[in-house]
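Visitor: Sequence:
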Amino acid sequence: MAFVNALIGAILVILTALQLDDPHPAKWAAIYFAGAALAVLTLRRPMSLYLIRFLAVTTTGMMFFYFGAFFLVVPGLDSDWYLKGQGGDALGLLFAGFAMIPVLAAYSCRMESKQRIKSPRPSVADPAEVTR
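Residue numbers (my numbering): 1 to 132.
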């Protein structure tokens, strides 16, 4: 999972660099860089539960933003935009939206593991608990 999130972060940094020749480079570069930062932050090991929750909510917001921006860009494109090589912004937004799913999964897994450490529940498969 760490390798996937590192790869997502690297690809989003490349998308950030590709946005620097657009007319509004700072806006789109910052948006892609924020997604890259969220992906790379999953590699950091010691995090508090509150920070993990904040990053998970932020990742969810970014994912919805990427998909929302994609659906705002697409109506302005031709019906076969994906075949003509148009819509680089649309493809970048679509990729970034789907790329946030494994990032969010990493934060979700970390939240669950932190909560289990706080309050461990007995396992159903534990023979000592089954005989009680």
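If you're looking for bench data, these hints aren't it; they were derived computationally from the structure. C-beta: ideal position from N, C-alpha, C; glycine also. Just to be clear, a hint being listed does not mean it is correct.
Cβ pair distances, simulated, as ranges [stated by the list, open to error]:
# : residue 1 : residue 2 : range
1 : L51       : D80       : 42 to 50 Å
2 : K114      : A37       : 17 to 25 Å
3 : R116      : L43       : 32 to 40 Å
Visitor: A separate judgement is required for each hint: does it hold in the structure or not?
Guide: Tested hints:
no. : hint                    : verdict
1   : L51 to D80: 42 to 50 Å  : holds (44 Å)
2   : K114 to A37: 17 to 25 Å : holds (21 Å)
3   : R116 to L43: 32 to 40 Å : violated (21 Å)
Going through the hint list in order, the structure does not satisfy hint 3, though it satisfies all others.
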